[in-house]
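There are 6 protein chains.
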Amino acid sequence: MSKKVITFGEIMLRLAPEGYYRFVQAENYGATYGGGEANVAVSLANYGLDAAFVTKLPKHEIGQAGVNSLRRFGVDTSYITRGGDRVGIYFLEKGASQRPSKVIYDRAGSSIAAATTADFDWDQIFEGAEWFHFTGITPALGDNVTEICLEACKKAKEKGITVSCDLNYRNKLWSKEKAGQVMGELCKYVDVCIANEEDASDVFGIKAANTDVTSGKVNHEGYKDVAKQLSKRFGFSKVAITLRGSISANDNNWAAMLYDGTDFYFSKSYLMHIVDRVGGGDSFGGGLIYACLNDFAPQQTIEFAVAASCLKHSIEGDFNQVSVDEVMKLAGGDGSGRVQR
Amino acid sequence: MSKKVITFGEIMLRLAPEGYYRFVQAENYGATYGGGEANVAVSLANYGLDAAFVTKLPKHEIGQAGVNSLRRFGVDTSYITRGGDRVGIYFLEKGASQRPSKVIYDRAGSSIAAATTADFDWDQIFEGAEWFHFTGITPALGDNVTEICLEACKKAKEKGITVSCDLNYRNKLWSKEKAGQVMGELCKYVDVCIANEEDASDVFGIKAANTDVTSGKVNHEGYKDVAKQLSKRFGFSKVAITLRGSISANDNNWAAMLYDGTDFYFSKSYLMHIVDRVGGGDSFGGGLIYACLNDFAPQQTIEFAVAASCLKHSIEGDFNQVSVDEVMKLAGGDGSGRVQR
Amino acid sequence: MSKKVITFGEIMLRLAPEGYYRFVQAENYGATYGGGEANVAVSLANYGLDAAFVTKLPKHEIGQAGVNSLRRFGVDTSYITRGGDRVGIYFLEKGASQRPSKVIYDRAGSSIAAATTADFDWDQIFEGAEWFHFTGITPALGDNVTEICLEACKKAKEKGITVSCDLNYRNKLWSKEKAGQVMGELCKYVDVCIANEEDASDVFGIKAANTDVTSGKVNHEGYKDVAKQLSKRFGFSKVAITLRGSISANDNNWAAMLYDGTDFYFSKSYLMHIVDRVGGGDSFGGGLIYACLNDFAPQQTIEFAVAASCLKHSIEGDFNQVSVDEVMKLAGGDGSGRVQR
Amino acid sequence: MSKKVITFGEIMLRLAPEGYYRFVQAENYGATYGGGEANVAVSLANYGLDAAFVTKLPKHEIGQAGVNSLRRFGVDTSYITRGGDRVGIYFLEKGASQRPSKVIYDRAGSSIAAATTADFDWDQIFEGAEWFHFTGITPALGDNVTEICLEACKKAKEKGITVSCDLNYRNKLWSKEKAGQVMGELCKYVDVCIANEEDASDVFGIKAANTDVTSGKVNHEGYKDVAKQLSKRFGFSKVAITLRGSISANDNNWAAMLYDGTDFYFSKSYLMHIVDRVGGGDSFGGGLIYACLNDFAPQQTIEFAVAASCLKHSIEGDFNQVSVDEVMKLAGGDGSGRVQR
Amino acid sequence: MSKKVITFGEIMLRLAPEGYYRFVQAENYGATYGGGEANVAVSLANYGLDAAFVTKLPKHEIGQAGVNSLRRFGVDTSYITRGGDRVGIYFLEKGASQRPSKVIYDRAGSSIAAATTADFDWDQIFEGAEWFHFTGITPALGDNVTEICLEACKKAKEKGITVSCDLNYRNKLWSKEKAGQVMGELCKYVDVCIANEEDASDVFGIKAANTDVTSGKVNHEGYKDVAKQLSKRFGFSKVAITLRGSISANDNNWAAMLYDGTDFYFSKSYLMHIVDRVGGGDSFGGGLIYACLNDFAPQQTIEFAVAASCLKHSIEGDFNQVSVDEVMKLAGGDGSGRVQR
Amino acid sequence: MSKKVITFGEIMLRLAPEGYYRFVQAENYGATYGGGEANVAVSLANYGLDAAFVTKLPKHEIGQAGVNSLRRFGVDTSYITRGGDRVGIYFLEKGASQRPSKVIYDRAGSSIAAATTADFDWDQIFEGAEWFHFTGITPALGDNVTEICLEACKKAKEKGITVSCDLNYRNKLWSKEKAGQVMGELCKYVDVCIANEEDASDVFGIKAANTDVTSGKVNHEGYKDVAKQLSKRFGFSKVAITLRGSISANDNNWAAMLYDGTDFYFSKSYLMHIVDRVGGGDSFGGGLIYACLNDFAPQQTIEFAVAASCLKHSIEGDFNQVSVDEVMKLAGGDGSGRVQR
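Chains as they are written, first to last, in UniProt numbering: chain A, 1 to 341; chain B, 1 to 341; chain C, 1 to 341; chain D, 1 to 341; chain E, 1 to 341; chain F, 1 to 341.
Misleading hints may appear alongside valid ones.
Same chains, same names: a pair is fine if it fits in one copy or spans any two.
[As the list claims (entries may be wrong)] Keeping only pairs whose Cα atoms sit at most 27 Å apart, straight-line, the calculated DSSO-like set for lysine-lysine is: (1) LYS59 / LYS329; (2) LYS157 / LYS228; (3) LYS268 / LYS188; (4) LYS59 / LYS102; (5) LYS172 / LYS4; (6) LYS172 / LYS329; (7) LYS329 / LYS188; (8) LYS59 / LYS4; (9) LYS178 / LYS224; (10) LYS178 / LYS329; (11) LYS102 / LYS329; (12) LYS3 / LYS59; (13) LYS329 / LYS155.
Note that these hints are calculated values from the structure, not bench results.
Using the sequences and the accompanying hints, generate a full structural model.
Given below as structure tokens:
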């Protein structure tokens with residue numbers, strides 16, 4: 001029996017012009033679905049875990065298509081509550097070279113943003129689960145959703161379920177002050193914290209001490225300091241920080257660091273030609289959770305998580321469509337891209 | 001100098017799977033824009049009139065693409081107020097045979113639905129205009145939008161501008177009671193009233209007297225009676241009623257009647273193979289307004305309006321992309337569809 | 001808890017040029033999956049039943065995509081054995097007007113065609129199931145597959161599970177003699193038999209007595225006679241016969257008859273504009289099973305099954321993507337195809 | 001060794017918006033190639049004859065793609081002269097229902113329109129040939145092209161090659177007077193004449209005597225009279241007249257008549273749902289030539305030609321992609337469009 | 001009221017296979033419109049100026065679609081004369097890696113190439129305008145068009161309108177001698193001259209003195225010398241020279257230099273991953289005109305123009321779809337391409 | 001008269017998701033055809049040679065489309081035997097960045113794999129031919145196909161036709177032992193041997209002596225040694241070895257070496273941005289054969305072959321769609337990718 005993981009959040013309809021067309025040129029939108037925690041659930045289902053995604057979606061066909069997008073890749077959708085008015089939408093324009101990708105959110109009033117604690121029975125949902133994951137986007141949807149998150153976190157703690165959280169600060173959804181206050185409360189229940197270069201600063205005002213940001217190098221000491229501060233303040237058992245270097249919309253460097261409360265583990269760095277950047281962070285989270293649940297050694301853990309998300313950048317859509325074997329092969333050193341016959 | 005016509009309402013992003021794919025099968029959505037009054041404006045611009053569409057749209061690119069969709073076909077967009085949060089959306093699944101087309105609205109919270117009277121300067125907008133058109137959908141967006149409509153109607157009346165209204169009852173937006181009350185107030189300012197078979201009944205409770213609905217024939221006397229009652233209650237100078245016979249999602253009969261306060265004029269009836277049904281009624285309104293502004297005789301007026309909308313059913317998207325010549329040719333009797341080289 | 005239904009057979013990769021392009025013109029193939037019993041499973045999953053499809057598929061991604069195509073629409077794929085060499089393929093060219101649709105099969109050597117009884121544990125599969133369905137295509141794949149079918153049928157009988165079979169004769173797969181012999185053995189375990197106009201004759205040599213085939217009318221008495229003979233020879237509790245009238249590749253008449261051992265029930269007949277003809281018979285089977293499992297009255301049963309398959313003809317792909325509500329609405333008489341807003 | 005047929009004329013790049021999109025909506029054009037005599041050559045190559053198409057095309061890739069489009073379907077392109085400036089283009093908008101299809105020609109200055117007699121060595125081209133075909137479009141391209149046609153006709157006559165001509169009057173290319181004069185000269189060399197309902201009148205002023213055009217029926221006597229007059233004036237051994245009844249852009253009736261100098265043979269009439277109307281007449285010519293070269297009886301000849309062109313109307317593009325077997329099957333009476341597995 | 005700019009030239013239908021398909025593989029062409037001066041007009045309209053494009057286009061729908069393509073993006077098309085026979089066409093095959101992009105022109109006989117001075121009323125067109133722009137392509141279309149250019153230049157001078165010209169030498173259209181003679185005459189009226197690395201040499205035989213072209217470095221002194229010579233010979237107030245370094249069809253370096261008669265200003269250089277190369281120079285012209293009209297300082301001017309055209313290389317189609325804000329952001333130094341949420 | 005070349009092998013239907021979509025995401029497959037020797041034939045036909053491809057393909061339309069794909073580009077298909085059951089298929093997923101391309105073969109039971117010596121009349125096929133080419137893939141299809149190859153080789157030798165062979169080891173088709181044994185026999189008849197870095201080792205166990213593979217540099221001495229050993233063992237007149245350096249799925253270095261029994265000639269090395277990697281080696285073979293048949297000097301020969309295959313990597317599909325001029329231009333040093341107008 002495979003291990004059961006619960007993720008909770010919003011899944012949105014993603015509407016993206018094909019190729020590099022700009023919004024004002026688009027006559028068609030590719031229609032897929034995605035969202036932080038849903039993306040993690042798909043990663044985990046692809047790795048063979050029993051991953052369930054919890055949210056609320058309208059009863060109509062646009063909501064049903066969201067459910068189907070998850071079922072297709074093996075995610076358990078049986079805990080999704082059906083109801084409410086609309087599916088959140090985000091419009092995505094893919095950038096190229098010096099022109100950045102652009103996201104326009106149209107998510108206000110979505111079913112999950114209007115959900116209440118009565119919509120979810122966490123006792124039933126957590127039955128047999130080993131891990132619970134959410135991101136900072138979800139409580140940002142509103143006080144009602146924060147309340148659901150809090151209830152879930154408490155219930156998870158009660159049941160001895162490991163809780164992970166990707167801070168994922170979104171300034172369109174809430175202020176830094178509000179984020180700090182809410183996330184500070186929720187993080188009390190979190191075991192594994194994931195953040196990118198700026199989240200710790202935006203959400204908690206935690207900045208690296210004594211670092212020279214003008215040096216132009218990846219600041220290893222700074223990242224260590226941030227991870228230590230985070231760990232100390234909230235008692236996280238693990239802190240993982242992703243390190244993105246954006247050369248252009250097409251080319252990024254990508255690496256990460258893991259802190260297990262004792263030591264710091266830096267992954268290899270990958271120079272990536274980007275196919276689709278969105279969901280990159282979520283695929284890191286998915287890899288990290290898989291590695292933790294399978295008791296990988298810390299260095300192996302961070303290498304798996306980074307290789308997984310490196311591959312995600314070569315895949316269209318929010319979802320990371322890779323197998324454990326593919327991640328292992330890259331983490332093991334083969335990034336030559338030679339044809340596999 | 002061509003005649004200036006003002007139309008006011010909402011333009012939505014229309015997302016439709018290609019061909020006959022159902023929502024749950026869609027991997028792409030064709031993205032066009034449309035809405036009752038916007039569709040009328042495009043019809044009129046195609047006929048060479050100086051047609052302006054008035055609405056409110058967000059400043060972002062999804063809003064801009066809506067503006068562009070109108071400019072492309074020659075509509076004056078200079079009175080569109082930019083601001084607010086979102087573009088209303090409707091999802092359209094094209095039906096076939098016994099399977100009906102399906103529309104899912106996602107329009108709550110759109111910029112126009114949240115607009116106020118301060119957003120529009122009708123004195124400036126109506127400068128030099130000869131006609132003002134709106135539909136029953138627009139006041140249904142909320143009391144604030146009703147107020148804008150009322151202000152526009154009053155101002156139009158003041159300036160001697162002809163006002164037309166397509167009753168267009170939408171039960172997802174408001175109740176019959178509310179519609180009756182609001183439309184009753186607005187119709188005091190209306191000169192030309194357009195309705196389909198059910199609007200008069202839904203909105204005003206006006207039904208044909210002494211008609212035998214079981215006869216299986218188009219009930220000419222009933223339509224006459226309804227038109228007379230409408231005219232009498234609100235003092236409309238003209239009432240036009242469209243008569244749709246739905247054989248299947250692919251095949252419809254289409255005709256209309258015009259009442260000028262004195263006589264009744266029935267158009268030819270067309271058996272149509274449908275390419276795109278949406279905007280059919282609006283294209284009728286566009287044809288009617290063009291004919292009235294050009295002082296067509298009543299029979300010629302109703303034939304032009306019906307031929308225009310007959311052609312619309314053969315065209316993809318909400319907008320009726322036909323010229324006066326094309327409408328004239330069909331109204332004049334050539335519906336053989338022979339290749340034009 | 002919804003009722004559990006098991007279907008068993010082959011699911012193939014379907015490769016079809018878009019629109020009406022011929023094979024020799026195709027530069028692209030739409031890639032979906034389908035097959036008699038898989039199609040039935042999707043129908044039932046769409047109706048809310050707990051439908052599982054049993055087959056064998058290769059471990060590679062083309063096999064996985066087949067699994068995903070079923071999961072997407074809610075079919076339980078947990079009993080699918082993974083292994084073997086290839087996914088069966090069929091190429092489909094859509095006909096139009098006087099030009100017939102064309103199917104080229106490339107299914108030899110597929111995983112299921114090479115499967116053995118050791119691949120399936122029917123005790124586990126039938127755990128809690130109420131219905132088992134297969135078609136005459138499956139045993140035609142080879143003696144090994146016949147053996148699997150036989151084992152499944154016997155086990156189903158043992159467990160008191162209702163067994164249905166669609167005779168579905170395919171002359172590319174076996175001779176009439178072989179078919180008659182094998183199906184004769186299997187039909188001993190069948191409760192509900194489904195056939196089209198020619199299957200009974202092709203497989204069992206059962207023809208209508210005393211009927212005048214030159215009359216040009218649907219021969220009600222002939223169908224009754226065939227159903228009676230089938231029922232008598234194999235002891236079927238129900239026999240359903242579909243009646244297709246092919247006017248052209250675009251237009252078909254469609255109806256069916258149900259015989260419950262006592263009375264004959266003829267459905268309404270539908271004149272259909274065809275979007276996709278393939279899977280039409282399977283959607284009938286799906287409707288019939290749903291109606292039986294829900295104890296519909298006989299007339300209601302046959303009306304539901306025919307309305308379901310009528311709607312299928314308006315849907316792209318093998319799978320019938322309709323809900324119980326939609327079928328009920330059509331069976332209840334509304335085939336006007338009017339837009340649903 | 002299969003029989004060798006030569007056709008001579010222009011092949012154009014055909015640019016058509018997909019589906020039913022109008023020119024002003026098009027963001028993409030499907031790019032195929034076609035033209036009266038090229039279409040006939042493809043028909044004949046599909047029937048297994050050794051069909052060569054003679055023309056002049058530029059050396060660049062747009063010209064090469066034209067050559068390739070013919071080679072792909074087995075046409076011998078070795079007599080095509082390469083040179084000149086441009087490929088003629090025609091834009092095609094597909095009509096629907098009451099909206100007619102529309103063709104915009106952009107063919108002035110094409111390589112073939114600027115060709116001279118020095119570009120073609122008819123002695124070499126006609127080596128071993130049994131049939132030569134051209135249409136009235138080709139001499140209409142200019143006096144230089146008329147001269148080439150005349151040279152070809154004379155050479156064909158000299159060598160005992162059968163000559164066929166489809167009158168195909170195009171009013172955009174020349175006046176009726178000019179057409180009458182030029183075609184009158186060329187027809188002296190023609191054995192088999194093909195015309196539609198209006199060509200004889202437009203080109204030669206030949207009209208049916210004593211016919212009641214108001215009768216609303218296909219006027220058999222009138223067609224006979226026209227054929228007789230044509231035959232008498234030019235000494236044609238065979239005259240074939242196609243009879244198109246245009247119900248709408250989607251639905252046409254289609255039939256034809258053959259006159260062999262003695263008797264009149266009317267084909268069956270087909271009610272066609274049209275996929276692509278262009279090339280319909282050319283596919284008739286192709287069928288007729290095939291039947292003549294294979295010494296079909298007169299009734300069989302006209303049935304083959306009409307069935308061939310009936311099938312063409314179900315096929316995208318100018319070219320008729322059907323086999324002799326498919327035509328035979330339809331001519332033999334099976335127009336039911338039932339799936340062929 | 002925004003500033004009015006007039007551009008004059010040809011707009012062509014651009015037909016390009018999608019992605020990296022070669023002409024001989026193309027089954028579809030993306031259909032957009034573009035041309036030197038039209039591209040500049042769209043740039044300026046996107047920046048909020050009142051940009052009008054002047055040309056002649058046929059009355060048919062292919063001409064209308066050209067008008068629409070400009071209106072869609074806010075260009076004033078009211079001065080476009082309708083008439084003539086055809087829209088000029090260019091076929092574009094996108095290169096990749098070592099394979100160059102390829103353009104095949106099919107523009108002879110276009111409406112604008114056949115236009116006369118009677119087609120344009122420059123007094124009316126220049127009413128209220130501040131800037132007039134054309135390129136060396138336009139007079140190359142023929143002596144008649146040269147005459148129109150000359151008339152426009154003279155009228156612009158008369159009215160105190162600033163005139164800019166992009167030399168843009170096209171060897172398919174005219175010889176260097178003819179170009180030198182005609183452009184020499186026109187340049188007398190030009191204030192701002194734009195050229196790429198080779199134009200000054202091709203058109204005027206102006207080459208850099210004493211430069212070592214074998215050095216492998218961008219030859220700053222050489223460019224300065226050329227600008228000085230150009231300025232001296234024609235009295236240009238500003239000379240702008242673009243500097244393209246072609247590494248491969250996918251990767252280019254891009255920079256420019258501005259000479260204001262006193263000093264030389266070199267922009268940053270960008271390494272670009274190319275999405276669409278065509279219109280790159282025109283987008284530079286658009287940026288330059290905008291900066292000049294808004295009195296940017298010289299260094300700011302050249303940075304704006306280069307950043308604008310750098311962004312263009314990331315955009316499909318001829319038209320530069322970017323806002324002032326986006327250009328400013330890149331000119332200000334942010335070329336990291338990070339996602340904008 | 002152009003030189004006649006015969007190639008013999010399998011042509012498969014290639015099914016590839018568009019762009020960078022993974023198999024499990026694909027809803028459409030681009031359908032082209034390709035295979036080692038077919039690809040060489042297309043290269044040679046594009047260079048103007050009389051190239052014939054010999055294989056066996058089913059009579060149905062999927063087989064016909066394979067024939068058409070070759071005819072379209074000028075390959076002589078008259079020696080293709082029609083019959084057998086199926087067309088071999090390969091599924092291709094295009095890799096990106098660190099994610100490799102993936103090929104899934106589904107070729108068992110194809111017509112050519114089941115062919116016998118009776119299917120081919122080599123006396124007729126080789127009539128007038130100067131060159132015969134095959135690859136190591138073809139004999140790997142089975143002992144029957146090996147026998148056909150052997151017969152062809154012997155007959156070619158008999159007739160003094162030059163024989164080339166690309167070793168092309170495929171481990172999915174046979175073991176190294178079997179390959180070594182069969183290829184050892186066939187290579188007795190081969191004049192020109194082509195291999196990549198690993199083939200000589202995989203097939204014949206020939207490895208470079210005394211080379212330090214850990215040096216990270218291209219090992220020139222090693223390649224020389226391998227070529228010498230190959231030449232010595234089989235008496236090849238020429239040995240060509242391709243040198244691929246895979247940086248990522250998007251970026252490869254590409255070069256080759258030619259050994260003419262006396263000297264070694266290394267080509268330039270190209271850094272390529274890959275559009276489509278498949279057929280890269282075959283396009284090298286095509287270039288090599290062309291150069292040999294045209295008596296290019298050895299250095300010119302290897303430069304032509306490498307430039308040809310460098311260009312192939314920029315082209316979609318298996319076939320190398322380039323002209324002699326284009327290859328010459330690149331071989332001559334212009335790899336800047338500047339637009340050609």
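Each hint tested on the structure:
In the homo-oligomer, the alpha carbons of LYS59 and LYS329 lie at most 27 Å apart only across protomers (18 Å), although the nearest pairing inside one protomer, at 41 Å, exceeds that limit. Proximity of LYS157 to LYS228 under the C-alpha cut-off of 27 Å is restricted to the intra-copy arrangement: shortest distance 23 Å within a copy versus 65 Å between copies. When the C-alpha separation of LYS268 and LYS188 is checked against a cutoff of 27 Å, the pair qualifies neither within a copy, at 31 Å, nor between copies, at 49 Å. Within a single copy, LYS59 and LYS102 get their C-alpha atoms only as close as 30 Å, which misses the 27 Å cut-off; across copies the closest is 15 Å, which meets it.
In the homo-oligomer, the alpha carbons of LYS172 and LYS4 never lie at most 27 Å apart, since the shortest distance is 32 Å inside one protomer and 37 Å across protomers. When the C-alpha separation of LYS172 and LYS329 is checked against a cutoff of 27 Å, the pair qualifies only between copies, where the shortest distance is 20 Å, while the shortest distance within a copy is 38 Å. For a Cα distance limit of 27 Å, the shortest separation of LYS329 from LYS188 qualifies neither inside one copy, at 36 Å, nor across copies, at 40 Å. For the homomeric pair LYS59 and LYS4, the shortest alpha-carbon distances inside one copy (26 Å) and between copies (23 Å) are both at most 27 Å.
Taking the closest pair of Cα atoms, LYS178 and LYS224 come within 27 Å of each other only inside a single copy of the chain (26 Å); across copies the shortest separation is 56 Å, beyond that limit. Taking the shortest alpha-carbon separations for LYS178 and LYS329, neither the intra-copy value of 42 Å nor the inter-copy value of 29 Å comes in at or below 27 Å. For the identical chains of this complex, LYS102 and LYS329 are inter-copy neighbours only, at 14 Å across copies versus 32 Å inside a copy, given an alpha-carbon limit of 27 Å. Proximity of LYS3 and LYS59 under a CA criterion of 27 Å is satisfied inter-copy only: 22 Å between copies versus 29 Å inside one chain copy.
Taking the closest pair of Cα atoms, LYS329 and LYS155 never come within 27 Å of each other, the shortest separation being 37 Å inside a single copy and 44 Å across copies.
Hints 3, 5, 7, 10 and 13 from the list above are not met by this structure, while the remaining hints are.
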